[in-house]
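Asks: Protein chains in written order, with this note's numbering: chain A, 1 to 116; chain B, 1 to 638; chain C, 1 to 341; chain D, 1 to 147.
Watch out, some of these pointers could steer you wrong.
What the hints assert, rightly or not - To be clear about the criterion: a stretch of chain A counts as covered by chain B if any three or more of its residues have a C-beta under 8 Å from a C-beta of chain B, and this derived list gives those stretches: (1) 15-22; (2) 56-67.
What the hints assert, rightly or not - Computed from the model, here is a short list of chain C residues facing chain D with C-beta under 10 Å: (3) Pro52; (4) Lys62; (5) Thr220; (6) Ala311.
None of these hints come from the bench; they were simulated from the model.
All C-beta atoms, glycine included, are put in the ideal place defined by N, C-alpha and C.
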Amino acid sequence: MILFNYIASFFLIVLGLYCIVVKYNLVKTVIGLSILDYGVNLLIITIGFNPGGTAPIFTQGEITPASYFVDPIPQALTLTSIVIGACVTAMSLALVIKLEEQYGTIDTREIRRLRG
Amino acid sequence: MNMLSLQHFPIYSIMVLFLGAFLIVVFGRSKVVRHSVALLATCASMLFMMGLIKPVMLGGEIISYWMGARVPAGGYAIGIALEVDALSLFFGLLVSTVVFVACIYSIQYMSHDDNVPQYYTLFLMLAGGVMGMVLTGDLFNMFIMVEILTFAAVALTAFRNTVTGALEAAFKYLVVGSIGSTCILAGTIVLYAQMHTLNLGQLAALIPGNLTTSTKLAFALLFIGFCTKAFLVPFHPLAADAHGAAPASISVLISGVLTKSGIYGIIRLTYFLFQSMGLGTMQFWLVFLGSVSMFVCVTMALAQHDFKRLLAFHSISQIGYVLAAVGLSTALGISAGVYHAMNHTIFKGLLFLAAGAVLHETGTTDLGKLGGLSKKMPVTTVMFLVGAAAISGIPPFNGFASKWMIYQASYQKAVESNNIGFLAVTICALVTSTLTLASFVKVTQSVFFGQLPKEYENVKEVPFGMRLAMGILAALCIVTGLVPNYVTRFLTEPAAKAVYHVGAYINSAMGAGYAESVMQTVPVAAEPSFVQHGVWSPVSWLCLLMIALLALTVVATSAKYDKVSLGEATDTKYQLFYGGEKNFYSQVGSDDLFWGFKHNWRHYFSFMHELHSGVVNDYALWAVVALALATLYALVVL
Amino acid sequence: MALILQALRYLVYVLVFPGFLFCFMTGLLLCGIDRKLVARMQKRVGPPILQPFYDFFKLCGKETIVPAAANRTVFLLAPLVGLAALVVIQLFIPVFRFSAFNSIADVIVILYLLLIPALSVIMGGAASGSPYAGVGLSREMVTILSCELPLLLVLLAIGKVVGTALGTGICFSLSKIVDYQMAHGSLLGKLSMIPAAVAFLLVIPGETGNHPFDAAEAETEICEGPLAEYSGAPLGVYKLSHAVKMLTMTSLFVALFLGGIGTGIENLMFQLGLSGGAAGAVAFLLEILVLFLLCAVLTFLTISVVHAVTARLRIEQLFKYYWTVVAGLALISLVLAWYGL
Amino acid sequence: MFKNLIKESTGKSPWLFHINAGSCNGCDIELVSVLTPRYDAERLGFKLTGSPRHADIVVVTGPVTAQSLDRVLRTISQVPEPRCIVTMGSCPQSGNVFRGSYAIAGPLSKYVHVDVDVAGCTPKPEAVIDGLALATKILAEKRGQME
């Protein structure tokens, strides 16, 4: 089960990179970035997951060395990462809209005034 | 606890910047408020950093600050820490000083733009991000700060979205920058999976004992992530695009500050987390990357015809120097590297400000359109010349002092290790330095000397605030160049020593004795040696030059050298000699100035031109290939 | 009192001996010898040996025109800074055992200090605003670029050879290099140093901008390039700088490769049975004389002969020549030095 | 001392700048032959310069065509003081065979003060050297008057 998660996250990361490298459509590039992010998020969550563990919510004194729970830190990290991912998507989409206005296209092969 | 104890200074210096950003969002409509908030915040941040000089730089203390006072318990660091050792403080000082100067400059430079409150908000966030990045003691925190600064930098690149290419540059930067950030995140989490901690100190203690395949993979990921932030070679087109399109005050931050955060990350990663001091394979990796960066980017710069784009390529070239020097992993090399990092921040800042001044007055940075501005903007010209002399390594400016140390460090390394490879670095660095000079001669001729085009007849000198900002940096250029001994003794050598004192860093974070209890061999801080084989005392040289000049002037005045005949351009006598023809506008500059050189390298230049296609997919591909190569190298060789 | 004496001594250094007066006299004299020799090689009578002095003083007496398009300050200041920088470099080059200032700059620094006179030409030309100067300064810069690579390879090779011999790994200090030669014979005697010496000799005409490497100041095509708009005293200062640069480069060669000759002079003194202060003074004068003669011979070899038998190279040929042939020689020497030959 | 040196030197280092004002090239070739091994004017310090700013003596050859007049005058005005103007060959003095042509603006003396005329079509190198030596003397005198 856990192994499957790792495979999936690896697959998502590679898919995201593939999408960024190969697709000439700006929107698809943005989608690629998001997929890349999701892949990493899945990886983080998977790393923190302990099969059979409880939710890491304890009150004072409740926690004992024997208590078995899911690692909370990766979850916190994922939350942050998701927020950042959303920001990246929003920002890049905004840029795509502006680019379309200025260049009249969203084909990356034509958006290359800065080169050489 | 006393709120003003030194312990709190690091967090204050980060906080004031973010607080300033927030205040400007809320109250930034008023000009006075936003200017004073921005200036106060940056100035306060700088002062807090300066307050730490005495204990950290001179006293060798390491300040660790735990958010919410959650100190490590049971051998695990749960809380988030700020760790300020001499290396962090060195970069912190650098960042805060340049941010302050850029802020002074912005006030008048940005006066013609709209949405200025947003500019200052993003400006302060960028500054805060970098400060946080260099002062933090937590790997994930580092990632967050990297994201903040990348974000602010992208937004600021696109700030003047009517400028050609600004949006394009921002988008490319965002895509490749995000790949880099994702690499950092992935690297962080892979390390976490192994060590179950994010604290840099604890990681540094745990990693050397558990150097598994996963940790090596994490190393490659983190390394590439920081490389994107420093814009090292496969990522250099982004720097060029972003610097060229951003407002000059932001270019200063991107080149002077953002790239330094990348370098800082690489030093922390290689020498602290993975403790690869003296590891041949790592030296090769860093030095090779540095040398390639310095050479490729300087040749790219020679082919540019836009002022700021040219400067951008030079910044990566100089970062190449820093990385190559740091990669030597000798005390002298690291000291020279961070010295050069500091100098680069200063002179490149100065040059970008000068470019901004030209842009502010003429509205263009195209080298083919400018010319003869020295008569209209004398102060800017002098400032530019100081910066250009510094970056080209003309004695006695600061660029020379650090480059000279780099040559020595690399040559010394070559001789000591009897490895002819390091010799190539020395030669590469020296040649690059001359090529740098060539491209700045080109800029000088194309922008400031030569003939003034008709449309710039009414150009004026820039306002006082901008001149002040340039003046501060120019003064720093001269001062740090004239007293290299003091700079190395009080700033760079403590920073270099800090790189050697990994054990102290760990213990300061995790409590005394932790390093000894966890690690089999604590890297003992042998007193690093900073022996130099060369001799160079700039002050004496300057005195001699002054005496010589004075003597010459005396002779010259007695020979009536000063009696010159001046006249108007309407008198044929004072016109230029055009082979007898009437004078017309004819400016020699821009692209083809070094035809004799470029002709011999024409295949190389056309190849490079083809390679930098400007398509974002290509750049993303380079990033992926770089990642693959780094992973391969890390897994197979390290 | 001692301080004042010390200061006076330094002042004498700057103004008289390795400094101004010496540079002025020997530089122009070398230039005159060069012109005479070239004329003799072309079966001409040639100008008097003192001709460069006449030229210089004549130029001082001429009107100095500053074109309206020029940036006056830079235009007038650039030649002075260039000359002053050259004179200061001359102060660092030891004359056999004598060295005016030895703990200020090493050879790598001198490599960079040598850029300043060239830059002064570039800046002066740029400040004049003339398009001829624009073309000229671009060529001047490419010339610098060309000479830099072989020169630095030579210096690195020397640093390695002397450093290995002295046991310090590397040695960049000029006075130490000369002292080493005084003790162990000239560096030219070493196998690895022969290609380096040849490379250095070939660099000399390029650095000074003499035929056939004078594309930057080609008077027949670009009206003397950066100097096109200069007249009167500033032009004279540039001509003087050019002459002093010949002295600087040749005496640098003497210091780097022929330093061992100084021992011969000392032995001579010893054999003549001279000792004490008088011997020191005689030896010193003799050393200066020997230095001057060596410089003259080197000038003849590297500047006059080459001038008389070659035609001017195009700038890209010049670059190619230096980065292939000369740099190749220097590289051979560096590799030989690396393996201890 | 300095003044004396300058005075002494002015007569010993005359630099030439050559203007072709529509010449048939005969005089131009002859001027160059003055500097060749046979005549070697460099003995007297003569040197051809590339820019009028460096020159002391301006040598004008050719009949000063209407097209070249403006250029000749501009170039002459750019020579720093003290300067000497030498016309070489008959053309700039009288127009020679071109006299009376609509395309000729000469003689040169109509426009500027000419110090030395070296007549002949073309003048012999000996004559040219003689003329230049005379110009050098005038140059030294002019320098004396400048004080």
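Asks: Please go over all the hints and tell whether each is borne out by the structure.
Replies: Hints versus structure:
Counting residues of the stretch 15-22 of chain A whose CB lies closer than 8 Å to any CB of chain B gives 4, which reaches the minimum of 3, so the coverage claim holds. Using a Cβ-Cβ cut-off of 8 Å, 0 residues of the stretch 56-67 of chain A lie near chain B, which falls short of the minimum of three, so the contact claim is violated. Checking Pro52/C against chain D: minimum C-beta separation of about 9 Å stays under 10 Å; hint holds. Below 10 Å, beta-carbon pairs count as interface contacts, and Lys62/C has one with chain D at about 5 Å; its hint therefore holds.
For Thr220/C, the interface hint holds, since its Cβ comes within 10 Å of a Cβ in chain D; the closest pair sits about 6 Å apart. A hinted interface residue such as Ala311/C counts as satisfied when its beta carbon comes closer than 10 Å to some beta carbon of chain D; here the least separation is about 16 Å, so the hint is violated.
Going through the hint list in order, the structure does not satisfy hints 2 and 6.
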